[in-house]
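Engineer: If you want the building blocks of each chain, they are given just below.
Number of protein chains: 2
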Amino acid sequence: MNMISNFEEFISIARQKGKKRIVIAAAEDEPVLKAIKTGIESELIIPILVGNSLKINEISNNIGLSLSDIEIIHEENPAKAAVIAVQCIIEGKADILMKGLVATAPLLKAVLNKESGIKKSALLSHLAFFQSPYYHKILGITDAAMNITPSLEDKVNILRNAIGIFHKIGIELPKIAILCPLETVNEKIDSTMHAAVISTMNKRGQIDGCLIDGPLALDNAISKEAALHKGIKSDVSGDVDLLLAHDLNSGNALYKALIFLGGAKTAAVVVGAKVPIVLTSRADSEDSKLHSIALANILT
Amino acid sequence: MNMISNFEEFISIARQKGKKRIVIAAAEDEPVLKAIKTGIESELIIPILVGNSLKINEISNNIGLSLSDIEIIHEENPAKAAVIAVQCIIEGKADILMKGLVATAPLLKAVLNKESGIKKSALLSHLAFFQSPYYHKILGITDAAMNITPSLEDKVNILRNAIGIFHKIGIELPKIAILCPLETVNEKIDSTMHAAVISTMNKRGQIDGCLIDGPLALDNAISKEAALHKGIKSDVSGDVDLLLAHDLNSGNALYKALIFLGGAKTAAVVVGAKVPIVLTSRADSEDSKLHSIALANILT
Numbered sequence: 056m057n058m059i060s061n062f063e064e065f066i067s068i069a070r071q072k073g074k075k076r077i078v079i080a081a082a083e084d085e086p087v088l089k090a091i092k093t094g095i096e097s098e099l100i101i102p103i104l105v106g107n108s109l110k111i112n113e114i115s116n117n118i119g120l121s122l123s124d125i126e127i128i129h130e131e132n133p134a135k136a137a138v139i140a141v142q143c144i145i146e147g148k149a150d151i152l153m154k155g156l157v158a159t160a161p162l163l164k165a166v167l168n169k170e171s172g173i174k175k176s177a178l179l180s181h182l183a184f185f186q187s188p189y190y191h192k193i194l195g196i197t198d199a200a201m202n203i204t205p206s207l208e209d210k211v212n213i214l215r216n217a218i219g220i221f222h223k224i225g226i227e228l229p230k231i232a233i234l235c236p237l238e239t240v241n242e243k244i245d246s247t248m249h250a251a252v253i254s255t256m257n258k259r260g261q262i263d264g265c266l267i268d269g270p271l272a273l274d275n276a277i278s279k280e281a282a283l284h285k286g287i288k289s290d291v292s293g294d295v296d297l298l299l300a301h302d303l304n305s306g307n308a309l310y311k312a313l314i315f316l317g318g319a320k321t322a323a324v325v326v327g328a329k330v331p332i333v334l335t336s337r338a339d340s341e342d343s344k345l346h347s348i349a350l351a352n353i354l355t
Numbered sequence: 056m057n058m059i060s061n062f063e064e065f066i067s068i069a070r071q072k073g074k075k076r077i078v079i080a081a082a083e084d085e086p087v088l089k090a091i092k093t094g095i096e097s098e099l100i101i102p103i104l105v106g107n108s109l110k111i112n113e114i115s116n117n118i119g120l121s122l123s124d125i126e127i128i129h130e131e132n133p134a135k136a137a138v139i140a141v142q143c144i145i146e147g148k149a150d151i152l153m154k155g156l157v158a159t160a161p162l163l164k165a166v167l168n169k170e171s172g173i174k175k176s177a178l179l180s181h182l183a184f185f186q187s188p189y190y191h192k193i194l195g196i197t198d199a200a201m202n203i204t205p206s207l208e209d210k211v212n213i214l215r216n217a218i219g220i221f222h223k224i225g226i227e228l229p230k231i232a233i234l235c236p237l238e239t240v241n242e243k244i245d246s247t248m249h250a251a252v253i254s255t256m257n258k259r260g261q262i263d264g265c266l267i268d269g270p271l272a273l274d275n276a277i278s279k280e281a282a283l284h285k286g287i288k289s290d291v292s293g294d295v296d297l298l299l300a301h302d303l304n305s306g307n308a309l310y311k312a313l314i315f316l317g318g319a320k321t322a323a324v325v326v327g328a329k330v331p332i333v334l335t336s337r338a339d340s341e342d343s344k345l346h347s348i349a350l351a352n353i354l355t
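Protein chains in written order, with our numbering: chain S, 56 to 355; chain X, 56 to 355.
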């Protein structure tokens, strides 16, 4: 396979793989429980709910989620709920970790704990996929939510995390653009220096399993026509699977532009732990949460 | 007036103001001459073409642009053509400067020259307007093309340039969001520190003629609903006229995302010189060039 054209494919691949066990840290959150309900109905997940059982019961009643076959672990303190959820992963009781009504910081603290955590790669990073009405296939962007100002080494690790995910979803040689404001190297613009280095590392086999080009501005990454206009020859231009953003400012702006000013749907996971982490935000749509759960299902 | 809903309004306002004189530096470029032709047909401009007259004649013949009433100043060297075009502005022969087939660097060199240049403000900055199918009015973004890593002081100057433009197009109190990856201040994320400072400067009247809020992430800037979801109270949220990007990486990614992954139309000018500068790129559509010319017309 060399492309996935929409999120329905995510859901159908996930269904073929069968139900996965997902543990939710601080599950007492209506949008999260709604997503869990849809995930169950779509036969994607078997949940374990860690959190305030009273509130979980109340919300579940309101939204029509039957708790009869669902394991609930009572813990009122959200940070402690996160620790318990991570413990479920370590004990092999669950395949996916999902954030509920707990802040990102305490959840990541539990994940990254050197003794009781589940960190696996050099760093954790965020990988978002988009289904855009203006692009012919699923487009990935990393990192739009976690790493503030990644160094060159961090960027390589962020890429390695993402490349592993592409391989898992069946895209053997993802085409990657290192996103910059322009397509030439400029010593004053860090992103272009990093892009040149990373492209060369790919050519020399230091980063493999993918095809990388950069520096590329977004237009030249996305549109073959725009690249040709500027006389840019690139093996990835116009058919990019993944954009590496320079930093959190640019990644986050791009991520939110696609959703709020681009009509795109999204699915996202945090990569780099022993299991995929679903870390959706309150503002994400129901759809987006379901797609993220389907994605996490595929990745286990 | 408190909003402009689409670029047709730009064109009709420009028409009311009458024709303006535009000088093109290195006009021997087909896309630029096509835009000039449309600008003449739309009764927006009277051009002066500086550049290689042989090539200008040839292209004009091909695209059906009649040169009979147009002043042409022959100069084969593009950098020298830029100097001559700037000279036309100084001599009062033209109201708008437009970039033709000359690189941005030599054009700006001519503009910024201390003796023979036309710099007016503390710095030059790029201001782009967007007509997006996902937003209810024209949205500005600055700076997506010129300033690489603006300091706090630079950002204030970039804002002052943009605020002046909003006043000129008739929006008396533009609502401005200082764009960040999140809506709280984080000492590790420069953009949020700058945003807090700039917002306070606005409250204290150090930056006036506008309503500024920040830090705001793009979702909370653009969508009142997203802001309410997160419990953010903001006077600008959901009705923002202008987004200040943190740097060139984020501004440029956002600018190109709106065009290439958001179905938006754009018009842009460089601000901070004695006259508006139209600095479109080869990849810009015909429409975009015409809208930029209309915008520049309004600003003179």
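Be aware that one or more of the hints could be misleading.
Just so you know, same-sequence chains aren't split out, so a pair can sit in one copy or run between any two.
[Unchecked claim] Capping the alpha-carbon separation at 20 Å, the derived lysine to any residue pairs in SDA-like fashion look like this:
| no. | residue 1 | residue 2 |
| --- | --- | --- |
| 1 | K148 | D294 |
| 2 | K192 | G318 |
| 3 | K74 | Y189 |
| 4 | K89 | H284 |
| 5 | K320 | Y189 |
| 6 | K243 | A158 |
| 7 | K72 | Y189 |
| 8 | K288 | E170 |
| 9 | K320 | P188 |
| 10 | K288 | E63 |
| 11 | K243 | T204 |
| 12 | K288 | R337 |
| 13 | K74 | K223 |
| 14 | K192 | K223 |
| 15 | K320 | Y190 |
| 16 | K243 | T159 |
| 17 | K243 | L207 |
| 18 | K285 | N241 |
| 19 | K164 | E96 |
These are calculated hints, taken from the structure and not from any lab test. As the structure is a prediction and not an experimental result, all values here were calculated from the model.
Engineer: Would you mind marking each hint as holding or not holding in the structure?
Structural biologist: Hint by hint, here is what the structure shows:
1. Within a single copy, K148 and D294 get their C-alpha atoms no closer than 39 Å, and across copies no closer than 47 Å, so neither meets the 20 Å cut-off.
2. In the homo-oligomer, the alpha carbons of K192 and G318 lie at most 20 Å apart both inside one protomer (14 Å) and across protomers (16 Å), since each shortest distance falls under that limit.
3. Neither within a single protomer nor between protomers do K74 and Y189 lie at most 20 Å apart by alpha-carbon distance, with minima of 32 Å and 36 Å respectively.
4. When the C-alpha separation of K89 and H284 is checked against a cutoff of 20 Å, the pair qualifies only between copies, where the shortest distance is 16 Å, while the shortest distance within a copy is 47 Å.
5. Both within a single protomer and between protomers do K320 and Y189 lie at most 20 Å apart by alpha-carbon distance, with minima of 12 Å and 14 Å respectively.
6. Taking the shortest alpha-carbon separations for K243 and A158, only the inter-copy value of 18 Å comes in at or below 20 Å, while the best intra-copy value is 37 Å.
7. Proximity of K72 and Y189 under a CA criterion of 20 Å is satisfied in neither setting, with 30 Å inside one chain copy and 36 Å between copies.
8. In this homomeric assembly, K288 and E170 never come within 20 Å of each other (Cα to Cα): the closest approach is 49 Å inside a single copy and 40 Å across copies.
9. When the C-alpha separation of K320 and P188 is checked against a cutoff of 20 Å, the pair qualifies both within a copy, at 9 Å, and between copies, at 16 Å.
10. In this homomeric assembly, K288 and E63 never come within 20 Å of each other (Cα to Cα): the closest approach is 33 Å inside a single copy and 36 Å across copies.
11. Taking the closest pair of Cα atoms, K243 and T204 come within 20 Å of each other both inside a single copy (16 Å) and across two copies (9 Å).
12. For the homomeric pair K288 and R337, the shortest alpha-carbon distance between copies (16 Å) is at most 20 Å, but the shortest distance inside one copy (41 Å) is not.
13. In this assembly of identical chains, K74 and K223 lie within 20 Å of each other by CA distance solely inside one copy; the values are 17 Å within and 60 Å between copies.
14. Taking CA atoms no more than 20 Å apart as the test, K192 paired with K223 passes inside one copy only; the shortest distance there is 17 Å, against 42 Å between copies.
15. When the C-alpha separation of K320 and Y190 is checked against a cutoff of 20 Å, the pair qualifies both within a copy, at 12 Å, and between copies, at 17 Å.
16. Taking the shortest alpha-carbon separations for K243 and T159, only the inter-copy value of 16 Å comes in at or below 20 Å, while the best intra-copy value is 34 Å.
17. Taking the shortest alpha-carbon separations for K243 and L207, both the intra-copy value of 15 Å and the inter-copy value of 18 Å come in at or below 20 Å.
18. In this assembly of identical chains, the alpha carbons of K285 and N241 lie at most 20 Å apart only when taken from the same copy (17 Å versus 39 Å across copies).
19. For the homomeric pair K164 and E96, neither the shortest alpha-carbon distance inside one copy (32 Å) nor that between copies (63 Å) is at most 20 Å.
Going down the numbered hints, you'll see the structure goes against 1, 3, 7, 8, 10, 19, while the others check out.
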